[in-house]
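K.L.:
Residue strings, one per chain:
Protein chains: 2
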Amino acid sequence: MSAFVVAVRDGRARTGRLATAHGTIHTPAFMPVGTLGAVKGLGPWQLEQLGAEVMLCNLYHLALRPGVATIAGLGGLHAFTGWSGPLLTDSGGFQVWSLAHLRAVDEDGVTFRSHLDGAPLRFTPEGVAGMQAALGVDIAMVLDECPPAGAPRARLDEAALRTRRWAERARAAWRGPGALFGIVQGGVERELREREAAALAALDFDGYAIGGVSVGEPLADRRAQVEWTAPALPEARPRYLMGVGTPADLLHAVGHGVDLFDCVLPARNGRHGLLYTRTGLVRIRNARHAAEGGPLDPECACPVCRRLSRAFLHHLFRAGEVTAPVLGAMHNLRFFLDFMGDLREAIYSGRLAELAATVASPDPVPDDGATAGTCELAGDNRSTTLGEG
Amino acid sequence: MSAFVVAVRDGRARTGRLATAHGTIHTPAFMPVGTLGAVKGLGPWQLEQLGAEVMLCNLYHLALRPGVATIAGLGGLHAFTGWSGPLLTDSGGFQVWSLAHLRAVDEDGVTFRSHLDGAPLRFTPEGVAGMQAALGVDIAMVLDECPPAGAPRARLDEAALRTRRWAERARAAWRGPGALFGIVQGGVERELREREAAALAALDFDGYAIGGVSVGEPLADRRAQVEWTAPALPEARPRYLMGVGTPADLLHAVGHGVDLFDCVLPARNGRHGLLYTRTGLVRIRNARHAAEGGPLDPECACPVCRRLSRAFLHHLFRAGEVTAPVLGAMHNLRFFLDFMGDLREAIYSGRLAELAATVASPDPVPDDGATAGTCELAGDNRSTTLGEG
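From first to last, the protein sequence lines are chains A and B. With the numbering used here as the guide, the letters of the first sequence map in order to residues -15 to 373. With the numbering used here as the guide, the letters of the second sequence map in order to residues -15 to 373.
Check before you lean on any hint, since a few could be wrong.
What the hints assert, rightly or not - Label-pair distances were calculated between CB atoms; the ranges are: (1) A:G134 to B:R97: 51 to 57 Å; (2) B:R262 to A:V(-11): 45 to 51 Å; (3) B:A285 to A:A185: 47 to 53 Å; (4) A:A275 to B:E283: 42 to 48 Å.
Bear in mind the hints are in silico, worked out from the structure with no lab data behind them. From a predicted model like this one, the values you see are computed outputs, not experimental measurements. C-beta: ideal position from N, C-alpha, C; glycine also.
Pulled out of the complex, with its shape left as it was, chain A reads as follows (with noise of 0.2 Å):
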């Protein structure tokens, strides 16, 4: 179980604790992705480091390897992982769409074959549930079916329906020591979300998601579903978006009244030489950073920014070091963590709509106006060869 307080509102927005036997989680919050238990690059001492409250890790990467059997023997995912804090694991619905190829859904769940090596996996709902339990995180996520961006609204609605008597069937087979959270499904069809919404709060779980948001939809479409989506949920249990997204799409949900974020979008960036700043994007390796003295940030208190120049940044960038990755993902997520710690300062004053202002357009360009950056920041925020997130 977990216990949700909300402590300040500023319009629908809210900032809030959620408490769980590993730590109270400060919301709004954004979840850094560790698929098989470890964030890309990072000990989960530098997570902590980074400010990170809450780890999410992928049900489905770690019931292929090392297997959640091997997992609870060496006494859960915490133990497991290093990560002390709380954790949350997704439920393998993202993978419906991400391994579309790779899986068969039928009415009792589904059936994966491994990307590694074809094996089948299967996951239903009472499985998932108990997997999660086994593993003893702080919130399990109900196994859903999240269809494809485009679909018509039939086949969202079977998805959606499905979703729904999935969840009934997790909730009553859930035993595990955390929070149990259910998904909203329903596509770009707002009768579909609003009705899910409501069934679902019916079966009073611990919290709720927004799912299928961010699967290949227009930018407006996935701004749509959080306005539809969030204001239908219970108010006194915390909202999670999925999978989303852009700092611009964090805030817009934020003031939506959603209360907990994961994406792969800041350590995947960083990785790749796309860096967040206070004024604007930064592609590294653009060769206008090889003789910047000056930090990447200079409002940042991130390690990187502290001690590093860009000119280094771009240098480690260019020649491949592994070190570069490293602390582009580092830095990104330092500045994902410390968007949401302004957000919910904003709240507690009163002044979300003054930052908002200040915030980047929707879909910030880099430096050198490439517009892959735009690319790689709204449609591939989730990996799809291997289904993150």
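Given chain A, work out where chain B should sit, using these hints.
P.N.:
Then chain B, alone, in the frame of chain A:
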């Protein structure tokens, strides 16, 4: 300049302090290798946290990218790398050996063809001294000619004499703020080693290196070169064994009065999952570690051993996660740095022989008994493809 003080002797071994403008190095000391300005996978603050007191960078690699003028324009190598402690650069002499297919030696110097794009790069004794002065390093090395293992005596003699002539030119040209070290060549010929040690001593360098060791020769030869050369070098100056080696090598050389070491071995083996512990080498990918809940080395105070299990490290290495090589390098460097601290402590208390009795055999074999480990340790401790070291 630098000031070296021997504090305590234990047989031929000694412990002391080498003071530089950027801090004091406690000897015997191990210098992690940051070929391009950073140890692979680690920021400079992590190197500090591991207990490193000095970092080595490679002049050849930095001269290629980003170029000495760029670094000098950014305020020198300390400002560029963010490493505020003592810095040593090698001279390119090692690349005379490791990049033998890409260079031509004449009496005036060496012409390399860049391993990146084939562009010519001219190194002379005066030019190399000038580049290191421009970088502002605390310890600079003279340009030397490192001959291959197995070269005939006439070839070893020629390289040793040329190295001495180049050392005279470098000594005369040196205008840097830091120390300048001479390098003794002479291969496996005792007479040449002793002759060159005496000749260089007459030039009154700030310190003396034993070069041309660990270039493919058998263990007995590796050891013999240290045993002949170290005692022939001035007692009052620091002695530096370049590019060596295993913990047993370090112990042996310290016992013969060597003060400084560098090697890519711990970081490289760490990246490949070959991990040092107080009970022997661990090949962490080995299946036997899949369910081991205990730490890699219970006596190690590094964050990897304090927070993570062997099972988790095994998992990250098997999954190919980028976190794995970072953690492996981190632990192994800490192991080497702690080992040097143990050696210093043993010398202080007159117990070096006692400590020596507890150290593993000269060429330890990983826990799976694979002989490849021995080879990896003894032969591949410096990159021959890129000429690190």
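K.L.:
For each hint, tell me whether it holds in the structure or not.
P.N.:
Tested hints:
Taken as a hint, the range 51 to 57 Å holds for the pair A:G134 and B:R97, whose Cβ atoms sit roughly 54 Å apart. The hint said 45 to 51 Å for the Cβ distance between B:R262 and A:V(-11), and at roughly 48 Å that hint holds. Judged by the Cβ atoms, the range 47 to 53 Å given for B:A285 and A:A185 holds: they are separated by roughly 50 Å. Roughly 46 Å separates the CB atoms of A:A275 and B:E283, a value that falls within the hinted 42 to 48 Å.
Of the hints listed earlier, there is not a single one the structure fails to meet.
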